[in-house]
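J.: Sequence:
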Amino acid sequence: MRKKYLYVLICFLMSTLATANAANRIITGVVISGEDNEPLIGASVYVNADDLKKAGASQTSLGTITDMDGKFSISIPEKVTRLHCSYIGFEEQNIVLQAGKDTYRIVLQASSHTLGDVVVTGYQELERRKLTAAIAKVDVTDGMVGAAKSIDQALAGQIAGVAVTTTSGAPGAPARIRIRGTASLNGTQDPLWVLDGIPLEGTDIPDLGDEANNIVDMKQSSIAGISPNDIESITILKDAAATAIYGARAANGVIIVTTKKGRTGKPIINFNTRLTYTPNLDTSKLNLLNSEEKINLELELMKEPNDVINNLPAYYCKGGVASVLKQYDLFKVYQQQGWNGLPIEAQNAINQLKNINTDWNDILFRDAFTQEYNFSISGGSEKVTYYNSLGYSKEDGNVPGVSMSRFNLTSKTSYQMNRLLKIGFSLFANRRKNTNFVTDSHGYSNPIYYARTANPYQESYDAAGNYIYDYNINTDDEPNPNQGFNIFEERANTNKETVTSAVNAMFNADLRFNDHWKLTSQVGLQWEQANQEQYIGGNTFTMRNMRENSKYDNGTKYLIPEGGMHKVNNATTSQITWKVQGEWNQSFKDIHEVQIMAGSEIRKNWYDAIATNAYGYDPKTLTTKPIIFRDKDDAKNYPLHTKSYTENAFASFYTNGSYTLMRRYTLGASVRMDGSDLFGVDKKYRYLPIYSVSGLWRISDEPFLRTTRNWMDNLALRLSYGLQGNIDKNTSPYLIGDYKNETILNNEETSISISGAPNDKLRWEKTASYNIGVDFSILKSAINMSVDYYYRKGTDLIGIKNLPLENGFESMTINWASMENKGVEINLQTRNITTRNFSWYTTFNFAYNYNKVLKDLTASNSLTPGLEGSPVGAIFAIKSEVDPETGRILIYPKGSNEAIDVETLFDMKDEWGIGYYSYNEDAEFRRNLYEYAGTTDAPYTGGLINTFNYRNWELSFNFAYNLGAHVRTSPSYDITSFDPGHNVNRDILDRWTPENPTGKLPALLNRNNYPADNYFFDNVKEVYRNLDIWVKRLSYVRLQNIRLAYTLPQEWLHKININGATVALEGRNLFVFGSSYKNYMDPESMFNRYSTPVAKSMTFNLSLNF
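In terms of numbering that gives the first Met the number 0, the sequence shown has 381 at position 382, counting the first letter as 1, and numbering is strictly consecutive.
Hints may contain errors.
Straight-line Cα separation of at most 30 Å, DSBU-like style, residue types lysine-lysine; simulated pairs [what the hints assert, rightly or not]:
1) K556 with K619
2) K1077 with K1031
3) K603 with K854
4) K854 with K760
So the derived label-pair ranges between C-beta atoms look like this [stated by the list, open to error]:
5) E701 with L778: 14 to 24 Å
6) D366 with W710: 46 to 56 Å
7) Y391 with F837: 31 to 41 Å
8) K854 with E701: 38 to 48 Å
9) N93 with G656: 44 to 54 Å
10) E880 with V1071: 28 to 38 Å
11) Y939 with L419: 50 to 60 Å
12) K854 with G33: 56 to 66 Å
These aren't lab readings, by the way, just hints derived from the structure by calculation. Heads up, the beta-carbon is just placed ideally off N, CA and C, and yes, glycines get one too.
With these hints in hand, go ahead and build the complete structure from the sequences.
T.: What follows is the structure, given as structure tokens:
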């Protein structure tokens, strides 16, 4: 093992020797900033390959970098006539060499945060002036990305039309990204991620919903293993002209990640560390009742008369007041005589509960710290360039025991074998370890959920340090002595750990025949294995609850043996990709420019998963106990071993071309054909083309605008149309069956139950995309603006369609649904002030997206409306109000302005007089009660970034906003079965009562006074959950980050041989402004009660350059 690690270390640290060439001329000089006349350290000064070739030189690359004083010296062939100089954040400059002059002073001007001269699309590099597509480049400098732990988190608020929301604030949680809305109903809705030209698998983010396990079991995205420190640029492809080349998986947009590489010159060493402090969470925003309020509420409810035998409300049995009254047998005394009728002992016991206010915020959560270290070395000669980096980060969550650590290694080497052939090898390896809590079926062991559920007078330990159990937490109507819960016992006896190992390896070969012809081949290998291990001890509520539910024979026996539970889930994702493509570009008399690229790609991926469950586990002896199943139904309920395996193959052919006339008019087109075993067997649908056509008119270069060139730098019009594709991997073209062993007439039979009809015409989903954009720049790039309008219509979307009964299937999944997206995007960059010592830049982006489902099936038995005619994220709610006379819920029938009670609305009847009601259960009637109440996807998104520079100081603010969304929150309380065993938020104090007839929320229903209402809302709970009172508007502006950085002066660093040093302080998520998110800690956590909110943080950053 040691030899293996030594070998890896030797490979990583391998360096190459530069080959010296005789030079006929030595050029020296200094590179300085046009902003403050300070020297630029590490600026690249080089001769490009074309100039070297024209000079008759044997080498194909030649360059150097400036030293700590901004000075450089470079030996060049005598016939070279120009140099190039570039530096990050500044405009590149060409220097024409003069005869007899060997010393130059080069002044670089700061860029205006616009796109560079070259845009990387993953398949090729395009000159910006020829760009006909909607493509945006993300600023990945420290000021913009800062302390973001992963790439996806860094995109928030940066680019118009790219909406980023946080799934959870827990360490390693992925972000949800939508580019120009949602393009699919059932297929993936996430963008395609491409790493150095190779598309990645495993980047889809599932719909979390409001479920406990979804948050805890959420898988990290494959992109999470890439350190932001290794990224050179991020490019986002939006319209069909940009994405069509990626075929039937790019309808949701494409995110191109290009990593750093070595450059010719002496070795450059960079060291970067970030130390982050995350203060404790603030649960006061949950707006929960304190102990006095909760006890008073229980006392108030306990006064309610109840004569229904054996059907007592939960508040007669659970909660602190009930336990005291039960202990002293005082239920009837309290109802008849009230508080004054209670003996002093009972009053003291109840008052003592009022004085206990457990600070769940303090004992469940903590301050957290994150440490991150990154080291890189890069450089090279004219033959070999290299970039190597090591990184380590350890992020602790605000929840004790929740953390994420990552070790990543990157190694990239490029070899110029001869004048024609250049090869390269890249390796990205990472190992991530996530620790988390095990979630029981109710979610109580989730500290986020338990903090809002536990009673404020509940204690965790007695004076001797022993656990105090919460017997009221269960969902039964009365405490269960066999299922006591203590969250600290739960955390001490459970463990969940996920270790993910990932490798991405790439091999590139570029064969450049001349300046016009180029042949490229790239092979990419992706391998990722996630191993998850869970342990649940026998002394836990989770295990006790599981055993309790496995009782049989009148509770005398248990299916699950005593002891703990051990679960293992292993999943492996693999992919191999091979691309071969040729490129030709030619310029004719500087009037005609032609660029053509064509190639093929084959790809295969595998997914292999296995899960095992073992019961009666003893962690000391590492042994388990068998489950003795009574029959096969028991075995189905407690699976011990499950395995899944999928394998898919793809073959693609593509071409792309552009023609530019007089550097003003550009036409572009691309075609791609994809074949896959995911598509139907009908030959007609195997290789359907995806294509695009586009055009660019650079209006500012027209002769009739010659007089505007002193103030207008650029004015261009872009047009594009094309098809984008998407694949639904969950739908199969083949007959689907479930293999079963069943007992029929006392005989065991093997059978296959058909669950899905075959579809030989299954094909990829299509999205027709139209885009029109205008780019303009004025006043020497002081103001740069892009405005785009797009319309996207998705057809052949996967949807469910009803079938005639003679087919043997009620329905099947086919290509037939449709939806549309349309919107406007604005990107604005301004250089507000630029002086010798001070500069101020602003970037603002805004996007509006309107989404509507045009065709979709509403099942005849559906109780809620279908999406047709509404956004894909539509929320439907029942319009209601509170009866000011009784506090009952009144509902507005469709088309009526008068609200009526449910007994009348649903025609409820107690035909037998025993409290069992019949009611109108017609599905269409139920659907018609709902009205559209908003969408979960914010129609308006964007960001605002301001950057100020004064001498060596830099201050930046990054705001991100999401406006106009809605969210359906969980009801604040249950009106039919209020459970005093749980705490609630203060909304319950605003409910209707006889003493509070103006209360905005419905009354708690008494089972005697309104038996019909009580029966209905107790049995048809979705009606109560779907009332419009629980739908909240979600609009907010978040201060994504604020960063103050200082670059140490050169005279300080010169003595200790450091080329550059920067220290910075950064705050993330310090403020959130917006509509009320009362009862939640953060607006983005409103979608899921179990989600960890996005926390505030402060980061210290030190960057050193040698």
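J.: Please list, smallest to largest, the hint numbers that this structure does not respect.
T.: 3 and 9
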